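**Q** Residue strings, one per chain:
2 protein chains.
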Amino acid sequence: MEHKKTAKRLRCIVKLGGAAITCKNKLETIDEENLKEVSSQIRQAFVSDSTSANVLGMDWSKRPGQSEAPSFVNDFGDQPVADSESYIVVHGAGSFGHFQASKSGVHKGGLSRPLVKAGFVATRISVTSLNLEIVRSLAREGIPSIGMSPFSCGWSTCQRNMTEADISMVIKAIDAGFIPVLHGDAVLDTLQECTILSGDVIIRHLAAELKPEFVVFLTDVLGVFDRPPVEPDAVLIREIAVREDGSWSVVKPKLEDTSKPVEFTVAAHDTTGGMVTKITEAAMIAKLGIDVYITKAGTDHSVKALSGFLKGGIPDDWLGTAIRYMS
Amino acid sequence: MEHKKTAKRLRCIVKLGGAAITCKNKLETIDEENLKEVSSQIRQAFVSDSTSANVLGMDWSKRPGQSEAPSFVNDFGDQPVADSESYIVVHGAGSFGHFQASKSGVHKGGLSRPLVKAGFVATRISVTSLNLEIVRSLAREGIPSIGMSPFSCGWSTCQRNMTEADISMVIKAIDAGFIPVLHGDAVLDTLQECTILSGDVIIRHLAAELKPEFVVFLTDVLGVFDRPPVEPDAVLIREIAVREDGSWSVVKPKLEDTSKPVEFTVAAHDTTGGMVTKITEAAMIAKLGIDVYITKAGTDHSVKALSGFLKGGIPDDWLGTAIRYMS
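For the record, the sequence lines run as chains A and B. Using UniProt numbering, you'd call the opening residue of the first sequence number 1 and step up by one each time. Using UniProt numbering, you'd call the opening residue of the second sequence number 1 and step up by one each time.
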């Protein structure tokens, strides 16, 4: 179909993990410092003249305690818009949405039950308020970010599998020079009436349709570990190879006891799937020949991952998990 | 096309005028009291058992100054969802969005100019933040409201005329029992790259496609006057008749000096079109056989308009402007 391609090749899809940008144990609380750092790193990675100190903010909203719009609004000249690579941001929910969704069981469906219906509305309010704050944070860094809710885009599922997902509007937004910011959302399901569509499933779908050069998952730990990362002997998995049939194996480091099954885990607050789901989703992306990097948000390692530097090879001092196709 | 109809006939489209729900001279400030009253009136008009004092709120977000979700979340029983008429809410921008849009000239297009591009992003941030607050206000009244942005829905214009506006998602939301809440938005334009799509144009399109029984415009004055309503002799136009060719004339009250052209006006803060635009839009709706009522938000008159009571005839004590087709 002709509209399935963007005019420029998509450089990257960035996942902002809910655990990386929200305070996971505090209801509906953004980790402002992390979010600001992540937004700044995203700008530096994708905007060509981002060495310029003159970032022109695109969030002109009233700031708390002020009654006027910010004064920099008068600083826009008539220079052309800075050249930017095209990319998409998808974020999880963290401490937004999960309470509402799990309290009501939105993922299990059944909109005729008042609790589910109210939970659907409450979940959307919570996740769209997080989306708005992320869009604002990116816009303050001069990134032309545009919030797009999967529900409003008309995306829906059938028995929790993504079926309808017209991405033509995402493509139009990219071609117009904007950065779409999508999120995990409550959506309609043709079989069970409603469910939760996770950010990771959205990314897999977008990756399959738009074939970005690479995908970066930014989370609150360094990557995938062989056991819970709080345990003293936890080993960071550095590289996973994915074969043509979708199966995958750890290639680096060489794990000593290969007879014992590895308990993959991260400390992420994520009711839509644990680490095995994450690796499985990542493996499905890697199978398409798209490198996937999982690393900690706001570090030198995330800077390297976002910049595309890792495409040439993974240096030994890079800490994170690379999931790549190996023919 | 089969998807152009909702399962139940749409009862009403409600326009919340920006001037009625925001403080028009204070940047990005909601008129909380008015918005709460309007939300409550909307619930009473459309939910069948709304005499019940037991309204179960659907906004489960953390309240300011609290760290927990509201406790009523535990009060949802397993009784079926209250029967509600189907309707759509569309709101204007008021003191949200207008500053950003007019400062940058988004309506004139030209996304390659940094000011326009930034203004587009800033406008969407501002109007979507208002949309979120309106959705929350309606949800607190137990209305299953769902925010849907025209941009995300994929709606666009060509030379500022609405061209692409797939309403299938609006229909699906209604059929699932939700109340879509749409808003004036910055959208892409195939000829001039971008523009502003006003709430009134959205309503005309939805009315033409979905044929509601009636349309209510809630504003900050009683209706359409023959001159600025602050003038002492301003006369409220009570009824306008629309003929088949779209032309319209005042039928009540009989204006004394018919030789002098009437200066229609309201004190609305509205850069997307003044009162003549509003009457022209309303006349195009009325031409389809759909009654249009313009009245002041939060009054007994708006209660009557929302309830459908005026369909039987306009009582003398109703203050507002009715715009109706007269064959």
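Be a bit skeptical, because a hint or two may be false.
The list makes no distinction among identical chains, and a pair is therefore deemed to hold if it is satisfied within one copy or across any two copies.
With a straight-line cut-off of 16 Å between C-alpha atoms, the simulated EDC-like cross-links for lysine to aspartate or glutamate are [claimed, not checked]:
id	residue 1	residue 2
1	K62	E33
2	K103	D75
3	K287	D300
4	K24	E68
5	K24	D175
6	K26	E68
7	K211	D317
8	K36	E244
9	K296	E164
10	K103	E68
11	K172	E209
12	K5	E68
13	K172	E193
14	K287	E213
FYI, nobody ran anything at the bench for these hints, they're computed from the structure. Remember, it's a predicted structure, so these values are computed and weren't measured experimentally.
**Q** At most 16 Å between alpha carbons: which applies to K103 and D75, within, between, both or neither?
**A** between (47 Å within a copy, 12 Å between copies)
**Q** Please sort K211 with D317 into within, between, both or neither, judging by C-alpha distance up to 16 Å.
**A** Classified as neither; 28 Å inside a copy, 64 Å across copies.
**Q** For K5 vs E68, is the C-alpha pair at or below 16 Å within one copy, between two copies, both, or neither?
**A** neither (41 Å within a copy, 44 Å between copies)
**Q** Are the CA atoms of K287 and D300 at most 16 Å apart within a copy, between copies, both, or neither?
**A** neither (27 Å within a copy, 63 Å between copies)
**Q** At most 16 Å between C-alpha atoms: does K24 with D175 qualify within a copy, between copies, both, or neither?
**A** Classified as neither; 35 Å inside a copy, 35 Å across copies.
**Q** First find the shortest C-alpha distance between K24 and E68 inside one copy, then the shortest across copies, and answer within, between, both or neither for a cut-off of 16 Å.
**A** Classified as between; 13 Å across copies, 33 Å inside a copy.
**Q** Can you give me the call for K287 and E213, within, between, both or neither, at a CA distance of at most 16 Å?
**A** within (13 Å within a copy, 53 Å between copies)
**Q** For K296 vs E164, is the C-alpha pair at or below 16 Å within one copy, between two copies, both, or neither?
**A** Intra 32 Å, inter 41 Å, cutoff 16 Å: neither.
**Q** Using 16 Å as the alpha carbon limit, work out where K103 and E68 are close: within a copy, between copies, both or neither.
**A** Close across copies (13 Å), not inside one copy (39 Å); limit 16 Å.
**Q** For K172 and E209, with the copy left unspecified, which applies at a CA distance of at most 16 Å: within, between, both, or neither?
**A** Within one copy only: 14 Å inside a chain, 25 Å across chains, cut-off 16 Å.
**Q** Cα distance capped at 16 Å. Does K62 pair with E33 within a copy, between copies, both, or neither?
**A** Answer is neither; intra-copy 20 Å and inter-copy 21 Å both fail.
**Q** What label fits K172 with E193 when the C-alpha limit is 16 Å: within, between, both, or neither?
**A** Result: close only across copies, 11 Å inter versus 29 Å intra.
In summary, the numbered hints that this structure violates are 1, 3, 5, 7, 8, 9 and 12.
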